[in-house]
Structure formats: structure tokens, C-alpha cells
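Starting from the given sequences, assemble the full structure and let the hints guide the process.
Counting in the working numbering, the sequence shown runs from 13 upward without gaps.
Incorrect hints may appear among the rest.
Restricting the straight-line Cα-Cα distance to at most 27 Å, the calculated cross-link-like pairs of lysine-lysine (DSS-like) are [what the hints assert, rightly or not]:
1. 27 with 99
2. 86 with 27
3. 45 with 56
These aren't lab readings, by the way, just hints derived from the structure by calculation.
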Amino acid sequence: MTKFNDLNAIISKEKIVTRRFVFDKSKLETLKKSACSATESTVKDPTRVEAVSTFIWSHFMEVVNAKAKMDSKKLFAAVHVVNLRPKMNPPLSDHAFGNLWRFSLAVSKPEENKDYHDLVFQA
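Here it is in C-alpha cells:
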């Protein structure tokens, strides 16, 4: 297995738009409950990040597939960049020298696009 180092393979050269969404605490709880409500769900207590990521990713896939001209389903990938400093034991200071991060790649196969309960597991 070769090591994956080519970020150009996943970063688009097209115009990228960034949006910031702020969720109320009550809405986050609702998203968490809906993310694990499916009987097939493998995650029983999703984190806020998992619940919100699942919500955004699943709705994005629905919109793109609805706009598709053909009946084919697309392959979707989501990338999360994670700051590992606070997750270390003991936590590393935010002012420590150097970068400490990792990106995580989650992929939804075309045949899995109809049922989103497993997205929370991937997020």
C-alpha cells in the first residue's frame, strides 16, 4: 500500500466557498438524536461534530443527486481537518511551535447514497 501524500488529488482548482454555521444548543441536541435514531445506526451517542457533519453532508448529497441530469449516483468525499493539540495527554499548548494536525477522509459510495444512517459513523 502506498502512502497518500498528494493533496492535489482531493483539492479542487475551482472556486471554493466557505460558510460558517452556528447551531443553538437545542438544535445540536436535535441533530444528535436524529443522527442516532435509525435502528441501523452504529453510533449510539454521536458527538456534535459527527451530528452536524452528517446533517450537512447528507443534505449536500441529496441536493447534488436531485440536480443530476442522469439517474447515476455520484461518489462523495468529505475531508475533516482535526487539531490534535487538545487531544494529546497532556494537552499541547496552542502556542507550541509547529503544526500538529491530521485530515480524515470519509467516502460515501454511490450505492450507499440513499440511506444516510451510516454517515454519522464515517463523520
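- For which of the previously enumerated hints does the structure constitute a violation, in increasing order of number? Hint 1 alone not satisfied by this model.
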